[in-house]
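K.L.:
Top line first, the protein sequences correspond to chains A and B.
FYI, my numbering numbers position 296 of the first sequence as 296, with every residue one higher than the one before it.
FYI, my numbering numbers position 50 of the second sequence as 50, with every residue one higher than the one before it.
Just to be clear, a hint being listed does not mean it is correct.
Copies of the same chain look alike in the list, so a pair counts if it works inside one copy or between any two.
To be verified - Computed cross-link-like contacts, EDC-like style, restricted to lysine to aspartate or glutamate with a CA-CA straight-line distance of at most 16 Å:
1) K264 / D3
2) K76 / E58
3) K262 / D335
4) K100 / E74
These are calculated hints, taken from the structure and not from any lab test.
Values in this document were obtained by computation on a predicted structure and should not be read as measured data.
Protein chains: 2
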Amino acid sequence: MSDLDPLLHSRCEWLRGEGEASDIVMSSRMRLARNIAGFLFTHHLAKDESEELIDLAESAVKKAALFKEGFFFEQKDLSSLDKQFLLERHLISHEHASAKQDMAVCLSRDEVASVMILEEDHLRIQVLQSGFNLRGAWELIDRLDSELAGHMAYAYHPTLGFLTACPTNVGTGLRASCMLHLPALVMTKQINKVLQALQKLNLAARGMYGEGTQPSGNFFQFSNQMTLGVNEAEIIESLERVIRQIIQNEKEAREILQTKKKDKLEDQIWRALGALKAARFISSRETTTHLSLVRLGVDLGVIQGLSAAKLNELFIMIQPSHLQKCSNRALSSTDRDYERAAFLRRELKSVELL
Amino acid sequence: MSDLDPLLHSRCEWLRGEGEASDIVMSSRMRLARNIAGFLFTHHLAKDESEELIDLAESAVKKAALFKEGFFFEQKDLSSLDKQFLLERHLISHEHASAKQDMAVCLSRDEVASVMILEEDHLRIQVLQSGFNLRGAWELIDRLDSELAGHMAYAYHPTLGFLTACPTNVGTGLRASCMLHLPALVMTKQINKVLQALQKLNLAARGMYGEGTQPSGNFFQFSNQMTLGVNEAEIIESLERVIRQIIQNEKEAREILQTKKKDKLEDQIWRALGALKAARFISSRETTTHLSLVRLGVDLGVIQGLSAAKLNELFIMIQPSHLQKCSNRALSSTDRDYERAAFLRRELKSVELL
Numbered sequence: 001m002s003d004l005d006p007l008l009h010s011r012c013e014w015l016r017g018e019g020e021a022s023d024i025v026m027s028s029r030m031r032l033a034r035n036i037a038g039f040l041f042t043h044h045l046a047k048d049e050s051e052e053l054i055d056l057a058e059s060a061v062k063k064a065a066l067f068k069e070g071f072f073f074e075q076k077d078l079s080s081l082d083k084q085f086l087l088e089r090h091l092i093s094h095e096h097a098s099a100k101q102d103m104a105v106c107l108s109r110d111e112v113a114s115v116m117i118l119e120e121d122h123l124r125i126q127v128l129q130s131g132f133n134l135r136g137a138w139e140l141i142d143r144l145d146s147e148l149a150g151h152m153a154y155a156y157h158p159t160l161g162f163l164t165a166c167p168t169n170v171g172t173g174l175r176a177s178c179m180l181h182l183p184a185l186v187m188t189k190q191i192n193k194v195l196q197a198l199q200k201l202n203l204a205a206r207g208m209y210g211e212g213t214q215p216s217g218n219f220f221q222f223s224n225q226m227t228l229g230v231n232e233a234e235i236i237e238s239l240e241r242v243i244r245q246i247i248q249n250e251k252e253a254r255e256i257l258q259t260k261k262k263d264k265l266e267d268q269i270w271r272a273l274g275a276l277k278a279a280r281f282i283s284s285r286e287t288t289t290h291l292s293l294v295r296l297g298v299d300l301g302v303i304q305g306l307s308a309a310k311l312n313e314l315f316i317m318i319q320p321s322h323l324q325k326c327s328n329r330a331l332s333s334t335d336r337d338y339e340r341a342a343f344l345r346r347e348l349k350s351v352e353l354l
Numbered sequence: 001m002s003d004l005d006p007l008l009h010s011r012c013e014w015l016r017g018e019g020e021a022s023d024i025v026m027s028s029r030m031r032l033a034r035n036i037a038g039f040l041f042t043h044h045l046a047k048d049e050s051e052e053l054i055d056l057a058e059s060a061v062k063k064a065a066l067f068k069e070g071f072f073f074e075q076k077d078l079s080s081l082d083k084q085f086l087l088e089r090h091l092i093s094h095e096h097a098s099a100k101q102d103m104a105v106c107l108s109r110d111e112v113a114s115v116m117i118l119e120e121d122h123l124r125i126q127v128l129q130s131g132f133n134l135r136g137a138w139e140l141i142d143r144l145d146s147e148l149a150g151h152m153a154y155a156y157h158p159t160l161g162f163l164t165a166c167p168t169n170v171g172t173g174l175r176a177s178c179m180l181h182l183p184a185l186v187m188t189k190q191i192n193k194v195l196q197a198l199q200k201l202n203l204a205a206r207g208m209y210g211e212g213t214q215p216s217g218n219f220f221q222f223s224n225q226m227t228l229g230v231n232e233a234e235i236i237e238s239l240e241r242v243i244r245q246i247i248q249n250e251k252e253a254r255e256i257l258q259t260k261k262k263d264k265l266e267d268q269i270w271r272a273l274g275a276l277k278a279a280r281f282i283s284s285r286e287t288t289t290h291l292s293l294v295r296l297g298v299d300l301g302v303i304q305g306l307s308a309a310k311l312n313e314l315f316i317m318i319q320p321s322h323l324q325k326c327s328n329r330a331l332s333s334t335d336r337d338y339e340r341a342a343f344l345r346r347e348l349k350s351v352e353l354l
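Looking at chain A on its own, in the form it has when it is part of the complex (with noise of 0.2 Å):
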């Protein structure tokens, strides 16, 4: 267990662009919040609790088997460049990234599972899978919430369940979500009555990372609300269900497009190609915004030469933190505006304009 950096050449799980409908799920989440017995909540822990806590939790999370060869990480091992960085992929939340308090977080290997110790609840079990997995996610995490089990008693009370810090998360404690790329609901307009019918269904909708984040690019975050009535396996149903859907209303609106309006839609797919590979400056949103085109352009086979791994990868690496790694300095905002065009004319440069 070192520093970050071998992190910054491996392929994030939630970007791997494999599994069933990989085209239009980026990724499934996981998310199991818990806390141990005979501690305050995190926000009410003095100095000394946190770092008895820390202890307790680290050596359990070591002996569970995903963590094998995984990173352990205090508050005092990570820069604030380290925490945004965690932060881009995926593997701490804004909350846990911005702690001014004692914080660690134990990742696996290959970024699939992490910890969050000392987040709103003492534990955040998170597990992501490539495409739409919900189902193998949940595999995954239940298996480690019991191996942590073992060796760490839970708040648990017999009829409300798992107890958390906040109570929309009391019961099961568990959040499952899926990012979902739905150019063609946005383009086609019918993206807002998608968004409100999720509203009666009791659904979140958030951008790319997460509560408090907009969604951009057409990236769409959709999360169950409930967790306290419901066991898991309804909440995995129900949200499996709704997602479904929502693929399939994408499908139909991709086929709209390419077939009313074709011309157009490529217009704007190798417009968006073209900026990327000329621009000097480009700001993190205006990329977004293009790859998310060029990302539509690969699935429906309008451009040619770009495999969808890829341009998840680039989704990544021109994210600010990310550049600053690579490019093993503090950069300011225009300075990062100019290494991230350099990066994505570097990386595009076999992608032609046909």
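Assemble the complex: chain A is given as a structure, and chain B must be docked to it using the hints.
P.N.:
Below, chain B without anything else, positioned relative to chain A:
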């Protein structure tokens, strides 16, 4: 003398991209308004008088040395597409192109000289020269004017000079103009100061296609307003002096951009080239805007492997009627945007986005 096809693939004089200061001055133009004694002005002519005048003018013009092996067209020879085509090549005026009554036009083989017959005046004699060459244009047009005067009696008043249909042309009947490409003055927001100063000097600023057109793509046509009470040499000298000053201003503005805003400038230049290489549909206005930036990029040595002459050719070939002549069919506006984009991609294929 046949139809217009031979012109299609020859290079317009005004876009040859040669001569003094041709990185800033696209072309220099002279025109003389002349009327034939013994006839009413154009708009008052009866049908048979028009025909008589055209015959008279035709036989005079065809005797001139410049029109040997030239082209002569009458209203009946020209479709509205043909007229638009001649307009795009700056060989006839908007007014002449939209004439309902009889009209005719005579062109020299190299497109340097043209005579519009039955425009607002009986004769509008024009000479175009590439680059900054008002004197060269004057010498040619003066010689041509003298030749024509040997075969026709001009309407001339000993005190007022040449008589014209509109009082603003009485006297010399001379309009001298230069078309300038001033991207740096536009980008540094100094162009309005320049335009205000010109107004005080009684010079007019117009768009690429003369009277009634707005400047676009950073192209400005500057011309004298006064024709009465000054002689030809004074008109030319005063316009020359002002143009020389504007060239200097533009050069300074380019230097400022290259030193203080180099990054932003290069970003704009490459993105413009990227859009031209990528688009599937593109309007002539958008194309002109991008080509203007690409032209600046070529002039500043940012873009390699593209000549000014080649770029100038693109400026003309992307115009609506040129596209239609090339495709050998009438094209809707959407079809033109499609053909224009395809043409640009083909022509710019070898120019690399570095």
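K.L.:
Quick check: which numbered hints come out false for this structure?
P.N.:
1
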